[in-house]
Amino acid sequence: MLDYRQLDWKLIAVALALSIIGIILIMSAQYYADTEYQQTYFQRQIIWLFIALVVFIVVIHLPMRIFDVSAYLLFFITLVLLVLVLVLGPSRGPARWFSFGPINLAPSDIAKLTLILALSRFFAYTKLPVISKRRLAISGLMTLIPVMLIIKQPDLGTSLVFFVILFMLWFWSGMSPWYLLLILSPLVSLVTASHWLSWAGYFVLLLSFLALLKPGMLNSMVVVILNLAFGIFTPFIWNRMAEYQRLRIKTFFDPSLDPRGAGYQIIQSKIAIGSGGILGKGLLGGSQTRLDFLPERHTDFIFSVLGEEFGLWGSLLVLSLFAFVFYRAIRIAARCRSRFASSTVMGAVAILLFQFLINIGMTLGFMPVTGLALPFLSYGGTALVLSWTLIGLIISADYRWQEY
Amino acid sequence: MERYKISLAARERISLAVVAVVVLLLVVGLVKLQLIDHSEFLEKSENNRIRVVPITPRRGVVYDREGKVIIDNRPSYTVSVVPAEEVKGKSLPNLGQVIGLDTLEIRKRIKKNMVSRYQPAPVKKDIPFDVVAILEEQNRIFPGISYQMERVRQYPVELGCEAFSGYVGEVSEEQMGKNKMYNYRLGSMIGKEGLEKYYDNLLRGNEGTAYIEVSASGQILGSYEGREEIEAVPGSDLTLTIDLDLQRAGMEAIDTFCCGAIVAMDPRSGEVLALLSYPNYDANIFSSVIPERMWLEISGDSTHPLLNRPINGLYPPGSTTKLLTVGAGMEESIINENTTFKPCLGGMQFGNRFFRCWNAGGHGRLTAVHALERSCDVFMYQLGLKLGIDVMSRYFDLCGFGRLTGIDLPNEYAGLNPNSEYYDNRYGVNKWTQALALNNAIGQGEILVTPLQLAQFFCGLANGGIVYRPHIVKKISKSSGEQISVSPVMSFKLPFSERTLELLKEGLRLVVEGEKGTARSLQNKYYSVGGKTGTAQNPHGDDHSWFVGVAPMDNPEIVVCAIVENAGHGSEIAAPLVGKVIRTYMDKKAQRENLARVADEGER
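Protein chains in written order, with this note's numbering: chain A, 22 to 425; chain B, 2 to 605.
FYI, nobody ran anything at the bench for these hints, they're computed from the structure. Small disclaimer: the values here were computed from a predicted structure and weren't measured. A hint or two may mislead.
[Unchecked claim] Computed list of lysine-lysine pairs in DSSO-like fashion (alpha-carbon distance at most 27 angstroms, straight line):
{"hint": "1", "chain 1": "B", "residue 1": "K526", "chain 2": "B", "residue 2": "K590"}
{"hint": "2", "chain 1": "B", "residue 1": "K6", "chain 2": "A", "residue 2": "K154"}
{"hint": "3", "chain 1": "B", "residue 1": "K506", "chain 2": "B", "residue 2": "K589"}
{"hint": "4", "chain 1": "B", "residue 1": "K476", "chain 2": "B", "residue 2": "K193"}
{"hint": "5", "chain 1": "B", "residue 1": "K69", "chain 2": "B", "residue 2": "K89"}
{"hint": "6", "chain 1": "B", "residue 1": "K109", "chain 2": "B", "residue 2": "K91"}
{"hint": "7", "chain 1": "B", "residue 1": "K33", "chain 2": "B", "residue 2": "K91"}
{"hint": "8", "chain 1": "B", "residue 1": "K126", "chain 2": "B", "residue 2": "K89"}
{"hint": "9", "chain 1": "B", "residue 1": "K89", "chain 2": "A", "residue 2": "K271"}
{"hint": "10", "chain 1": "B", "residue 1": "K387", "chain 2": "B", "residue 2": "K506"}
{"hint": "11", "chain 1": "A", "residue 1": "K271", "chain 2": "B", "residue 2": "K476"}
{"hint": "12", "chain 1": "A", "residue 1": "K148", "chain 2": "B", "residue 2": "K6"}
{"hint": "13", "chain 1": "B", "residue 1": "K6", "chain 2": "A", "residue 2": "K235"}
{"hint": "14", "chain 1": "A", "residue 1": "K148", "chain 2": "A", "residue 2": "K235"}
{"hint": "15", "chain 1": "B", "residue 1": "K69", "chain 2": "B", "residue 2": "K387"}
[What the hints assert, rightly or not] Have a look at the derived ranges for each label pair, beta carbon to beta carbon:
{"hint": "16", "chain 1": "B", "residue 1": "L222", "chain 2": "A", "residue 2": "I41", "range": "27 to 33 angstroms"}
{"hint": "17", "chain 1": "B", "residue 1": "D38", "chain 2": "A", "residue 2": "Y285", "range": "17 to 23 angstroms"}
{"hint": "18", "chain 1": "A", "residue 1": "Y425", "chain 2": "B", "residue 2": "A10", "range": "16 to 22 angstroms"}
{"hint": "19", "chain 1": "A", "residue 1": "V75", "chain 2": "B", "residue 2": "K6", "range": "37 to 43 angstroms"}
From the three backbone atoms N, C-alpha and C, an ideal C-beta is built for every residue, glycine too.
Produce the entire structure from the sequences given, and follow the hints as far as they go.
Below, the structure is given as C-alpha cells:
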C-alpha cells in the first residue's frame, strides 16, 4: 500500500483545479448553444475526469519498474495498433480513433505516452555516447515511425509533439543544448531562406558558432552542407509551388491572410481575450463566446473563453497553475535516481509545456493554428486521460524517487 | 567528447529557465491584449454583436383645409426569403403557391436581391394582407420566409392632386452626391415633386436608431440594452389651403376634355383652394419601383400627364390680359372712362397687315368697360399702339408676369414677358415693327404665362390691387404638438389706382352680367360673378380656351382660372368649368351660413 502522506498533494490539487476550471469553462462556452448535445459537453467532461482519476490512481499504485520493463512491448503494441488503424480504419474520415464501445481513443495520444516510455528506457540503459550516430539514429527512428504512421492524417501539430519529446529527451539524457541547436540548424535555414539576406546573416552566425564549438571536421561539414542545401533549395522549391500552396504555408504563419478561415478564428479569439480586460466579463458574460463569434470555443479556443470571462487575473491564475506543474515536475525529474523515471517525467513536461505554449500562443495570436488542445482545460476525453496519466507518472516518480 | 554533455544541475536550470521564458512570453501577450489594447478590442467585440438599425419615422400626413386626409401612409408588406434558413423543396413551392410565382422565378429574385445568406432577400413587394395572414398562421410550412412591413405613401386618385402633392421615391445616388445630404441614406424615401419635395424636411421627420444584438450568423437576438434607442421623430403633418370639394368639382368639370388646368385661389389671402392639371397620373405608382412599360406609357403620352400645367404650363394669356392693357392705358392717362377710339369694323389695317377682331361683324365705337365686356380687339390694338411695347411690358412685369409667384411648390416657371430688348435679340435691331404691340395688347404673340400667374393677377384685381403670395400650406402641425399657422404674405401691389381698379372690376362684372358680355352663361340669381374670357391662339393646333372668374363681385372671395387646351372659344368651354367650381364654393358657403343660422336660431 502507498503511504498517502508522502504523495505530492499540492501537484495533485493544482492538476485537479485546472481540470475543474476546464469543466466550468466548457459549460460556459456552450451554455447558450443550440443543441442539447453541445450544452452537455461539460457533463461528459465530468465523466471523463472520473475515468481519468481512476487511471491516475491505478498508475500511482503501479511500481515504476512495470512501465520500465514493458516500455518496448507497449510501444510495439502501439505501432501495431497504428498500422491496424491505417489498414482497417473507417474508410470515411480521418482514421484517428480507436473505438472501444462508447469510448474513442485517439491513437496519437497513446503513441505519445508509449514513445516517452520507450525512449526513456532506451536512453536509460544504452551505453552509446550522447552524440553517437547510432544513438541519434535509433532514437530518431523510434520517433519517426509513429509519426509516419500518424502523418497520413493531416495533423502537423501532433507530429511536432513527437519531435519535441525526442529533443527534450536528447537534452535530458545529457546532450548539450548547443549541440541540439546544431542538429536543428537546417530548420532555421528553412525559415530564414525566405530572404537571401536573412539567410546569409544566419549562415555567417552558424559558421562562427561552429568555429567556437568545434564539433569535429566531419560533423561541421554535415551541418554546413545540410544548411546550404536547405538555404538554396527552399527558395527554389518555393518559387515552383502553386500560388494556393504558398498561400497555405503563409497562412500557417500569418493567419490574418485568411480572414474567413484560420484568420477569422484568431481575430475573434484576440477580440475575446482583449475585450476581457483586467476583470473579465464574468462567467457566462462573454459576448464573443455567447454569440457564437468564437469558433471551437470548448476545445482549441477554451483559453479565449477564460480570457474573455475572467480577464487578466483569471488568465494569470491559470498560467501560474501551469507554471507550478512544470516547476514541480522539473524538480522531481532532477531528484529521481532512476534515469528511466527522470526521463519519463521530462517527457511529460515536454508534451504539456509544448501544447501549453502553442495553444495559448495561438489564442493570443502569435503562434500558428495547429489544432493542439490545451492540456486539462480543453474538451476531450482521451487528452484528459493522457494528461492525468502523465501526472500519475510524475507523482509516482516523485513518490519512488529513491528507487534506481 | 565531454563538451557535448551537460550536468544535471545545469539541465535543471536550463529547463526551469525555458519554462520561465515560455510563461513570460504568454504573460506579455496577455498584458498586450488585455491591458494595452483592451479598449480597442472591447470596441471590436461590441461592433461584432451590435448592429445599428435605422428606424424610419412616420412621414407627415397631409390634410385639406377642412381636415380631410389627402396623403396618408398605408402599411405595405414585402415578403422575403432568408436563403440560409430555407428548406429545399418546401419553403419556395409553398410560398410560390400563395404569392403566385413559380419556384424558378423566386430563385431568380432571391439571387438578384441577396445581400448575404443570413439576411432576408426581398421577393415580392406589396403583397395583400390575407397572404400575410397565411404566412403568419402557417409559418411552420414556410421555413425561412419572412415579411417586412413598411409604410407606403397613399395618394388620392382621380382628384388631380398630383399637381401639388408630387410624390416620393427612393433617393438616388446622384441626389446623395450632389446635395451631401447627411440626413438621407441610400434607399431612404425623399420627396421628388410637389409639396413632398418642397416640404420634405418637415414631412420626413428625424430618423431614429435602434441597437440590436446579433449572433455570429447574423441572427437577431433582440434589442441591445447597453445603448439607449434614439427614437424616431415623426414628420410634421400639413394642413393645406386646398379644398378637396373644389378640387373634385374642377376634376369632374374638366374630365370631358383632353388637357387643361384649373387654379382656384382666395384673393384675400393668396390661399390656393384648388390646383389641378389634366390629364393627371397616379402618384402611387412612383412610391415603389415603376415597371418600365408603365413609365414609357406615361412619359410617352402625347397629352403629357407629367407636365404640371398650373405652374409649368406656358400659354399666351389671350384676351384675359386685356384688363392689363386697359389698366395701363388708364394709368398712363391715354384713356379715361369715356375715351373711345376709332370704331371696330371687324378689324383694322396696320402697315400692310389687316388685324382682325374676333367678331368679324365689328363692335362699333366702345368705351373701355364695354371693350372689356365684349372683348373688342380693335379697341385694344389702338390702345396698345399708343402704349408701345415697353410700357406694356413694364405693366406685365408689375402685374407679376415673367416672374415667379413664389408659391411653395418646386420648379415653378416664370413665363415670358417680351420687351424691345427681347425683340432686338430675337429678330435683330429694327427688324421688327410696332405690329407686335398690337399682338401684346390682346395677349397674343410671344408672351407666355402660367395659369397660376393669371389667377394671381385676377386676385389682385379682385382684392383692391393687393396681391398675396399664392401658397398651399395653411398649417404645420409638428409631432411635438406645436402648430405653426402660415399667415398670408403680401407679394406686391398692382400698379393701378383705385379709380382704374374700379373700372376694371366693372369690366369684369359686365363680361358676365352685361347685355353683350362674353360669359353671360354664368349669370345666376344667387350671387354675382365676374370674369374674363380668353382665346389663346396656338401655333400647334386649335385655340386654347381661357376663363378667369371672380365671385362674389361685391366682395370677392374666390378667383378661378381655367384653361382648356385646343378647345376653342373661352366663353364656350372654359367659362362653364369655372362656373362649376365657383358654384361648388358658393353652395358650400351658403350651406355653412344656413347651418350657422339654424344653430343660431336653435340657441334662441
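Going straight from one Cα to the other, do K126 of chain B and K89 of chain B come out at no more than 27 angstroms? holds (23 angstroms)
Does the alpha-carbon distance linking K6 of chain B and K235 of chain A stay inside the 27 angstroms limit? holds (14 angstroms)
Next pair to validate is K69 of chain B with K387 of chain B; report whether the Cα-Cα distance is within 27 angstroms. Violated: K69 of chain B and K387 of chain B sit about 52 angstroms apart, past 27 angstroms.
CA of K506 of chain B to CA of K589 of chain B, is that 27 angstroms or under? holds (25 angstroms)
K33 of chain B and K91 of chain B: Cα distance at most 27 angstroms? Answer violated: K33 of chain B to K91 of chain B is near 51 angstroms, above 27 angstroms.
What's the verdict on K69 of chain B and K89 of chain B, does the C-alpha distance respect the 27 angstroms limit or exceed it? violated (50 angstroms)
Pairwise beta carbon distance, L222 of chain B to I41 of chain A, judged against the given window 27 to 33 angstroms: holds (30 angstroms)
Holds or violated: are the alpha carbons of K387 of chain B and K506 of chain B at most 27 angstroms from each other? holds (23 angstroms)
Given hint K476 of chain B paired with K271 of chain A - CA-CA distance at most 27 angstroms: Outside the cut-off at roughly 68 angstroms; violated.
The hint says 16 to 22 angstroms between Y425 of chain A and A10 of chain B; measuring C-beta to C-beta, is that right? holds (19 angstroms)
Could you grab the alpha-carbon distance between K89 of chain B and K271 of chain A and see if it respects the 27 angstroms cut-off? It is violated: about 39 angstroms lies between the C-alpha atoms, which goes past 27 angstroms.
If you draw a straight line from the CA of K148 of chain A to the CA of K235 of chain A, is it 27 angstroms or shorter? The hint holds at about 24 angstroms.
Hints 5, 7, 9, 11 and 15, counting from the list given before, are not met by this structure.
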